[in-house]
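So the protein lines, in turn, are chains A and B. For the first sequence, my numbering begins at 58 and goes up steadily by one. For the second sequence, my numbering begins at 664 and goes up steadily by one.
Honestly, I wouldn't trust all of these hints.
Unchecked claim - Here are the simulated distance ranges between beta carbons:
1) A/Lys113 x B/Pro702: 29 to 37 Å
2) A/Arg74 x B/Lys734: 50 to 58 Å
3) A/Lys111 x B/Lys734: 33 to 41 Å
4) A/Pro139 x B/Gln680: 37 to 45 Å
5) A/Asn124 x B/Glu735: 41 to 49 Å
6) B/Arg672 x A/Phe103: 18 to 26 Å
7) B/Leu701 x A/Phe103: 20 to 28 Å
8) A/Ser131 x B/Asn716: 34 to 42 Å
To be verified - Straight-line C-alpha distance at most 25 Å; calculated PhoX-like pairs for lysine-lysine:
9) A/Lys125 x B/Lys707
10) A/Lys62 x B/Lys707
11) B/Lys734 x B/Lys714
Unchecked claim - Residues of chain B clear of chain A, computed beta-carbon distances all greater than 10 Å:
12) Asn670
13) Lys714
14) Gly748
These are computed hints drawn from the structure, not numbers from a lab. Built from N, CA and C at the ideal position, the CB exists for glycine as well.
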Amino acid sequence: DQQVKQNSPSLSVQEGRISILNCDYTNSMFDYFLWYKKYPAEGPTFLISISSIKDKNEDGRFTVFLNKSAKHLSLHIVPSQPGDSAVYFCAATGGTGGGADGLTFGKGTHLIIQP
Amino acid sequence: NAGVMQNPRHLVRRRGQEARLRCSPMKGHSHVYWYRQLPEEGLKFMVYLQKENIIDESGMPKERFSAEFPKEGPSILRIQQVVRGDSAAYFCASSPRTGNTEAFFGQGTRLTVV
Numbered sequence: 058d059q060q061v062k063q064n065s066p067s068l069s070v071q072e073g074r075i076s077i078l079n080c081d082y083t084n085s086m087f088d089y090f091l092w093y094k095k096y097p098a099e100g101p102t103f104l105i106s107i108s109s110i111k112d113k114n115e116d117g118r119f120t121v122f123l124n125k126s127a128k129h130l131s132l133h134i135v136p137s138q139p140g141d142s143a144v145y146f147c148a149a150t151g152g153t154g155g156g157a158d159g160l161t162f163g164k165g166t167h168l169i170i171q172p
Numbered sequence: 664n665a666g667v668m669q670n671p672r673h674l675v676r677r678r679g680q681e682a683r684l685r686c687s688p689m690k691g692h693s694h695v696y697w698y699r700q701l702p703e704e705g706l707k708f709m710v711y712l713q714k715e716n717i718i719d720e721s722g723m724p725k726e727r728f729s730a731e732f733p734k735e736g737p738s739i740l741r742i743q744q745v746v747r748g749d750s751a752a753y754f755c756a757s758s759p760r761t762g763n764t765e766a767f768f769g770q771g772t773r774l775t776v777v
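Isolated chain A (complex conformation) (with noise of 0.2 Å):
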């Protein structure tokens, strides 16, 4: 059963906009979330986290929502650049589903920037 979902295997949007990306769990033990960056060939690299006490995390282009009471979250970029052309995983922690800290990830959305 996956305890955390991405729905969208692949997004593209144009170079300029805003990227949205969005990612739901089942699990209400859940208290941390993170966001991944993934190159082909590479390993993820974090990106941006929230914890379940706020709503809302900005950093820089990136911006993290969360809405607890819907258990989902997303992931705004803005404005996208060509570089962010990468796989996004959305991970979950404080849950029992990826064991005692360990993160529980989604399938991952593939963001396709284009000029």
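Once you have looked at the hints, place chain B on chain A.
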């Protein structure tokens, strides 16, 4: 400060052989996690270790897979008698402490079983 180092980057094994994947965590990190990524899938948690202890191995297949993180040296993920279905990218991550913190990933080992 070197990042998480995994080796080898690529490993080819014939069915029935053993695969050993190594992971050196970042300096100062005592928590290591192994994840597997099958084609078209996200990263799946396998095992969480601290020095000389397996904390959680709930994601490890029951047979043929084992992991260790000795007092000295890298963490090792060992797969005995590999089968084609073991072909995947195996990622190691480390973190400095438990709880809410990001984990830092290595570049992964791509295992191909032929």
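Results for each hint:
1. A/Lys113 x B/Pro702: 29 to 37 Å: 35 Å, holds
2. A/Arg74 x B/Lys734: 50 to 58 Å: For A/Arg74 and B/Lys734 the Cβ distance comes to about 52 Å; the hint holds.
3. A/Lys111 x B/Lys734: 33 to 41 Å: 38 Å, holds
4. A/Pro139 x B/Gln680: 37 to 45 Å: 42 Å, holds
5. A/Asn124 x B/Glu735: 41 to 49 Å: Cβ of A/Asn124 to Cβ of B/Glu735: about 46 Å, so the range 41 to 49 Å holds.
6. B/Arg672 x A/Phe103: 18 to 26 Å: 21 Å, holds
7. B/Leu701 x A/Phe103: 20 to 28 Å: 22 Å Cβ-Cβ, so the 20 to 28 Å window holds.
8. A/Ser131 x B/Asn716: 34 to 42 Å: With a Cβ separation near 37 Å, A/Ser131 and B/Asn716 satisfy 34 to 42 Å, so the hint holds.
9. A/Lys125 x B/Lys707: Holds: A/Lys125 and B/Lys707 sit about 24 Å apart, inside 25 Å.
10. A/Lys62 x B/Lys707: The hint holds at about 13 Å.
11. B/Lys734 x B/Lys714: 6 Å, holds
12. Asn670: 13 Å, holds
13. Lys714: Consistent with the label, B/Lys714 stays out of reach of chain A, its closest Cβ about 15 Å off (over 10 Å).
14. Gly748: 18 Å, holds
In the structure shown, no violation is registered for any of the earlier numbered hints.
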